[in-house]
Amino acid sequence: MKFGIEFVPMDLYWRTVFYTIQAEKLGYDHVWITDHFNNRNVYVTLTLIANYTDRIKLGPGVTNPYLVHPIMTAQAVASLNEIAPGRVVCGIGAGDRTTLEMVGLEMKTPLRAVREAVEIIRRMVAREKGGYEGRVFRTTSGARFNFKVQQPIPIYIGAQGPKMLRLAGSLGDGVLINASHPDDIAEAMKHVKEGVERAGRSLSDIDVAAYTSLSVAEKEKKARKAAIPVVAFIVAGSPPQILERHDISIEAAEEIKRALAERRWADAFGAVTDEMIEAFSICGTPETCIEKIEALSKMGVTQFVAGSPIGPKVRASIDLFGREVIPHFKN
Amino acid sequence: MGEIAREIRGELAAKLIDLLLEAKEGAKLPSSEAKRLLQLWSLEKLLEGDEGLELLLKGAATVDPEGLRGLLEEYGLEKVKREVLG
Numbered sequence: 001m002k003f004g005i006e007f008v009p010m011d012l013y014w015r016t017v018f019y020t021i022q023a024e025k026l027g028y029d030h031v032w033i034t035d036h037f038n039n040r041n042v043y044v045t046l047t048l049i050a051n052y053t054d055r056i057k058l059g060p061g062v063t064n065p066y067l068v069h070p071i072m073t074a075q076a077v078a079s080l081n082e083i084a085p086g087r088v089v090c091g092i093g094a095g096d097r098t099t100l101e102m103v104g105l106e107m108k109t110p111l112r113a114v115r116e117a118v119e120i121i122r123r124m125v126a127r128e129k130g131g132y133e134g135r136v137f138r139t140t141s142g143a144r145f146n147f148k149v150q151q152p153i154p155i156y157i158g159a160q161g162p163k164m165l166r167l168a169g170s171l172g173d174g175v176l177i178n179a180s181h182p183d184d185i186a187e188a189m190k191h192v193k194e195g196v197e198r199a200g201r202s203l204s205d206i207d208v209a210a211y212t213s214l215s216v217a218e219k220e221k222k223a224r225k226a227a228i229p230v231v232a233f234i235v236a237g238s239p240p241q242i243l244e245r246h247d248i249s250i251e252a253a254e255e256i257k258r259a260l261a262e263r264r265w266a267d268a269f270g271a272v273t274d275e276m277i278e279a280f281s282i283c284g285t286p287e288t289c290i291e292k293i294e295a296l297s298k299m300g301v302t303q304f305v306a307g308s309p310i311g312p313k314v315r316a317s318i319d320l321f322g323r324e325v326i327p328h329f330k331n
Numbered sequence: 001m002g003e004i005a006r007e008i009r010g011e012l013a014a015k016l017i018d019l020l021l022e023a024k025e026g027a028k029l030p031s032s033e034a035k036r037l038l039q040l041w042s043l044e045k046l047l048e049g050d051e052g053l054e055l056l057l058k059g060a061a062t063v064d065p066e067g068l069r070g071l072l073e074e075y076g077l078e079k080v081k082r083e084v085l086g
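Chains as they are written, first to last, in this note's numbering: chain A, 1 to 331; chain B, 1 to 86.
Don't take every hint at face value.
As the list claims (entries may be wrong) - Counterexamples of contact, computed for chain B against chain A with all Cβ distances above 10 Å:
| # | residue |
| --- | --- |
| 1 | I8 |
| 2 | R9 |
| 3 | D18 |
| 4 | E22 |
| 5 | L29 |
| 6 | K35 |
| 7 | L37 |
| 8 | Q39 |
| 9 | E44 |
| 10 | E66 |
| 11 | G67 |
| 12 | G70 |
| 13 | V80 |
| 14 | R82 |
| 15 | L85 |
| 16 | G86 |
To be verified - Restricting the straight-line Cα-Cα distance to at most 16 Å, the calculated cross-link-like pairs of lysine to aspartate or glutamate (EDC-like) are:
| # | chain 1 | residue 1 | chain 2 | residue 2 |
| --- | --- | --- | --- | --- |
| 17 | B | K15 | A | D173 |
| 18 | B | K81 | B | E3 |
| 19 | A | K313 | B | D18 |
To be verified - Just the calculated beta-carbon pair ranges, DEER-fashion:
| # | chain 1 | residue 1 | chain 2 | residue 2 | range |
| --- | --- | --- | --- | --- | --- |
| 20 | B | L85 | A | E244 | 52 to 62 Å |
| 21 | B | K28 | A | A316 | 18 to 28 Å |
| 22 | A | L203 | B | E66 | 49 to 59 Å |
| 23 | A | G86 | B | K28 | 35 to 45 Å |
| 24 | B | K58 | A | N331 | 18 to 28 Å |
| 25 | B | S32 | A | W265 | 43 to 53 Å |
| 26 | A | L105 | B | A27 | 44 to 54 Å |
For the record, the hints were derived by calculation from the structure and aren't laboratory data. Each residue gets a CB set at the ideal place from its N, CA and C atoms; glycine is no exception.
With the rest of the complex left out, here is chain A (with noise of 0.2 Å):
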């Protein structure tokens, strides 16, 4: 089992190169870099934590082909490359609908433009000849790095629903499934298998990636309580056959839904269950999340990734999951 651990370069450049550098002494093995315009610059952290790293492996987690020209994800990945050779991975999906619209892009055939936007990066990569003529995307016969890259990028697909699941098995050379219940795991499983087999591929050719909510703590109900904003924000975003595998009433997610868009964290917050947290994150200490992660395992998943909120103070989340969790995995 690999492990990753996933930043929104919402803080200060500083705080997530910090945090990434404790990751990597503590034997993290990759670092997934968020990509929305109301943040940070995905490829700007990234360089700077390739900058101050040696070892661990890094990439947006995810990038979306709408916002950003493959033709310009690939030369940044490429680019990126160069300070950080053999280290680079690109993670891409189709992006979030509601972010999409605020700068009025529409999210058109979204598994076309990302399989187009995946063959592209490669062939730019790769310097192939000759242009691309897809239905999204075009490129000429010119369209080709002045620079060689000395390495091949894996190319990891953000997938949640059974079509992009099924793409991601047969194109990806990495899935990120995004969700943390065993439930919605073996729910995904079945898509990337599919995909895999259609492709005449192997399970073993990818890296199934369960791209989680985490939030570990010494405590129980610490953790728990750090839990409960993400886990908001997730069920107002689940769709409802995703509720209903939860027993989660589309009321309750409306609700808080509602609460959330009119910033009434306390309503929102208020409305969140143990069952929410539950079947959104991967909740407690080092113990329960062992056991939860066993499971993940079991049924293929080989990267474990700590998402959002990882913990209550996120120094000590990092360092307990480093020295308490990755340690059962690794040894």
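Please arrange chain B on chain A, whose structure you already have, making use of the hints.
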């Protein structure tokens, strides 16, 4: 720095790091100091040696002087408090 006993330096440095990481005014930390801090941290020199501790104290005085005052009082470091916070 001489006033700070060797045996408490590691613990104090860890508390200063938390102060810096959690300060509301973290953006006040000058970029040059933030970069040096990251450099020392990546080289395993932040928690050891005078330079790391001096940098942490200076940074904490910039981003959270009240928090630093409380921390230095907790450790009985009056002389350091006068030097760093005036």
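Status of the hints after comparison with the structure:
1. I8: I8 (chain B) is indeed farther than 10 Å from all Cβ atoms of chain A, at 19 Å.
2. R9: With a cut-off of 10 Å, R9 (chain B) remains clear of chain A, as the shortest Cβ separation is near 18 Å.
3. D18: Nearest chain A Cβ is 6 Å from D18 (chain B), so the label is violated.
4. E22: violated, 8 Å
5. L29: violated, 7 Å
6. K35: About 8 Å separates K35 (chain B) from the closest Cβ of chain A, which leaves it inside 10 Å; violated.
7. L37: violated, 7 Å
8. Q39: violated, 7 Å
9. E44: violated, 8 Å
10. E66: Fine: 19 Å to the nearest Cβ keeps E66 (chain B) off the interface.
11. G67: holds, 15 Å
12. G70: The claim holds: G70 (chain B) sits with its nearest Cβ about 18 Å from chain A, beyond 10 Å.
13. V80: holds, 23 Å
14. R82: holds, 28 Å
15. L85: holds, 22 Å
16. G86: The claim holds: G86 (chain B) sits with its nearest Cβ about 25 Å from chain A, beyond 10 Å.
17. B:K15 x A:D173: Distance ~41 Å between K15 (chain B) and D173 (chain A) Cα, so the pair is violated.
18. B:K81 x B:E3: holds, 11 Å
19. A:K313 x B:D18: holds, 9 Å
20. B:L85 x A:E244: 52 to 62 Å: holds, 57 Å
21. B:K28 x A:A316: 18 to 28 Å: Given a distance of about 24 Å, which is inside 18 to 28 Å, the answer is holds.
22. A:L203 x B:E66: 49 to 59 Å: 55 Å Cβ-Cβ, so the 49 to 59 Å window holds.
23. A:G86 x B:K28: 35 to 45 Å: holds, 37 Å
24. B:K58 x A:N331: 18 to 28 Å: Distance hint for K58 (chain B), N331 (chain A) is violated at roughly 40 Å.
25. B:S32 x A:W265: 43 to 53 Å: For S32 (chain B) and W265 (chain A) the Cβ distance comes to about 36 Å; the hint is violated.
26. A:L105 x B:A27: 44 to 54 Å: Because 30 Å falls outside the window, the suggested range is violated.
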